Amino acid sequence: EDQVTQSPEALRLQEGESSSLNCSYTVSGLRGLFWYRQDPGKGPEFLFTLYSAGEEKEKERLKATLTKKESFLHITAPKPEDSATYLCAVQGEGYQKVTFGIGTKLQVIP
Amino acid sequence: DGGITQSPKYLFRKEGQNVTLSCEQNLNHDAMYWYRQDPGQGLRLIYYSQIVNDFQKGDIAEGYSVSREKKESFPLTVTSAQKNPTAFYLCATGGYNEQFFGPGTRLTVL
Numbered sequence: 196e197d198q199v200t201q202s203p204e205a206l207r208l209q210e211g212e213s214s215s216l217n218c219s220y221t222v223s224g225l226r227g228l229f230w231y232r233q234d235p236g237k238g239p240e241f242l243f244t245l246y247s248a249g250e251e252k253e254k255e256r257l258k259a260t261l262t263k264k265e266s267f268l269h270i271t272a273p274k275p276e277d278s279a280t281y282l283c284a285v286q287g288e289g290y291q292k293v294t295f296g297i298g299t300k301l302q303v304i305p
Numbered sequence: 007d008g009g010i011t012q013s014p015k016y017l018f019r020k021e022g023q024n025v026t027l028s029c030e031q032n033l034n035h036d037a038m039y040w041y042r043q044d045p046g047q048g049l050r051l052i053y054y055s056q057i058v059n060d061f062q063k064g065d066i067a068e069g070y071s072v073s074r075e076k077k078e079s080f081p082l083t084v085t086s087a088q089k090n091p092t093a094f095y096l097c098a099t100g101g102y103n104e105q106f107f108g109p110g111t112r113l114t115v116l
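Keeping their order, the protein sequence lines are chains A and B.
Per the numbering used here, residue 196 is the first one in the first sequence, and the count goes up by one each step.
Per the numbering used here, residue 7 is the first one in the second sequence, and the count goes up by one each step.
Honestly, the hints are just simulated from the structure, not real lab data.
These numbers were taken from a predicted model, which means no experiment stands behind them.
One or more hints might be untrue.
No more than 25 Å apart at the CA atoms, straight line, and that leaves these computed lysine-lysine pairs for BS3-like [what the hints assert, rightly or not]:
id : chain 1 : residue 1 : chain 2 : residue 2
1  : B       : K20       : B       : K77
2  : A       : K254      : A       : K237
3  : A       : K264      : A       : K237
4  : A       : K237      : A       : K263
5  : A       : K237      : A       : K292
6  : A       : K292      : B       : K77
7  : A       : K300      : A       : K258
8  : B       : K63       : A       : K292
9  : B       : K63       : B       : K76
10 : A       : K300      : B       : K89
11 : A       : K264      : B       : K77
12 : B       : K15       : B       : K76
13 : A       : K264      : A       : K300
14 : A       : K237      : B       : K77
15 : A       : K292      : B       : K76
16 : A       : K274      : A       : K252
17 : A       : K292      : A       : K264
Quick look at which bits of chain B chain A covers, simulated, 3 or more residues with Cβ under 8 Å [to be verified]:
id : stretch
18 : 36-48
19 : 51-57
20 : 107-114
We put the CB at the ideal spot given by N, CA and C, even for glycine.
Let the hints inform the model, and build the full structure from the sequences given.
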């Protein structure tokens with residue numbers, strides 16, 4: 196059974212203080228690993244898909260990386276508007292089901 | 007304007023009543039999904055459909071039913087058999103590279 200574990204559960208940063216969120220996963224043949232941002236009371240917003248170990252993707256202050264066992268979401272010089280819950284999910288080969296982690300709630304303080 | 011719409015945004019139900027949540031998409035995606043989100047838990051898959059007139063149970067299908075008569079629509083019925091239906095419900099569509107989420111419906115049982 197596919198599993199996704201995210202850490203930490205919550206993270207509080209000062210504005211400009213860079214950090215990383217972790218997503219550890221087990222899956223039978225990785226089709227894709229996804230990162231989403233979710234604001235309170237809203238649906239998740241797609242950020243990145245990573246397909247193979249060594250792959251990296253960037254979007255503004257966010258950079259996602261992937262190894263065979265985990266993915267990191269690096270946040271460089273965060274701003275208060277980056278405050279949200281960040282969700283990680285995996286999809287295995289050969290089927291449509293996507294397994295989600297609980298998420299990391301990020302708070303960036305001015 | 008392409009995307010996914012869910013209605014209503016808020017829904018209140020009395021115990022013993024069935025309610026239907028709407029999900030419509032104009033992204034021309036074959037696959038559609040229903041998830042449930044509870045505090046402190048990851049998104050849990052209720053049902054998914056890869057093609058019109060076909061759907062499969064997810065991890066927590068008991069007490070729910072769906073139909074897929076049109077590519078654009080995937081309504082979810084929460085039946086009286088669902089013992090703890092109060093939650094945030096999210097509809098998603100996707101191809102193989104990512105899933106796109108609707109804005110969600112918050113269901114509260116009175």
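Outcome of the hint check:
1. Of the supplied pair hints, the one linking K20(B) and K77(B) is violated, its CA atoms being roughly 31 Å apart against a limit of 25 Å.
2. Among the hinted pairs, K254(A) with K237(A) is consistent with the structure: their alpha-carbon atoms are about 21 Å apart, no more than 25 Å.
3. Proximity of K264(A) to K237(A) is assessed by CA-CA distance (about 29 Å); at most 25 Å being required, the pair is judged violated.
4. Among the hinted pairs, K237(A) with K263(A) is inconsistent with the structure: their alpha-carbon atoms are about 31 Å apart, more than 25 Å.
5. The suggested pairing of K237(A) with K292(A) holds, with an alpha-carbon distance near 22 Å, which does not exceed 25 Å.
6. The suggested pairing of K292(A) with K77(B) holds, with an alpha-carbon distance near 19 Å, which does not exceed 25 Å.
7. Of the supplied pair hints, the one linking K300(A) and K258(A) holds, its CA atoms being roughly 17 Å apart against a limit of 25 Å.
8. Taken as a hint, the K63(B) and K292(A) pair is honoured in the structure, with Cα atoms around 10 Å apart against an allowance of 25 Å.
9. A hinted pair counts as satisfied when its Cα atoms are at most 25 Å apart, and K63(B) with K76(B) qualifies at roughly 18 Å.
10. Between K300(A) and K89(B), the direct Cα distance comes to roughly 29 Å. Violation of the 25 Å bound is thereby established for this hinted pair.
11. Between K264(A) and K77(B), the direct Cα distance comes to roughly 36 Å. Violation of the 25 Å bound is thereby established for this hinted pair.
12. The suggested pairing of K15(B) with K76(B) holds, with an alpha-carbon distance near 22 Å, which does not exceed 25 Å.
13. Of the supplied pair hints, the one linking K264(A) and K300(A) holds, its CA atoms being roughly 22 Å apart against a limit of 25 Å.
14. Of the supplied pair hints, the one linking K237(A) and K77(B) holds, its CA atoms being roughly 24 Å apart against a limit of 25 Å.
15. Between the alpha carbons of K292(A) and K76(B) the distance comes to roughly 21 Å, so the proposed pair stays at or under 25 Å and holds.
16. Proposed proximity of K274(A) and K252(A) is supported: the alpha carbons are some 19 Å apart, at most 25 Å.
17. Straight-line distance between C-alpha atoms of K292(A) and K264(A) comes to about 19 Å, which keeps the hinted pair within the 25 Å bound.
18. Evaluation of the coverage hint for the stretch 36-48 of chain B: fulfilled, as 6 residues show C-beta separations to chain A shorter than 8 Å, against a requirement of three.
19. With 3 residues having a beta carbon nearer than 8 Å to a beta carbon of chain A, the stretch 51-57 of chain B meets the requirement of three or more and the stated coverage holds.
20. Restraint check on the stretch 107-114 of chain B versus chain A: 5 residues with Cβ-Cβ distances below 8 Å, three needed, restraint holds.
When each numbered hint is compared with the structure, violations occur for hints 1, 3, 4, 10 and 11.
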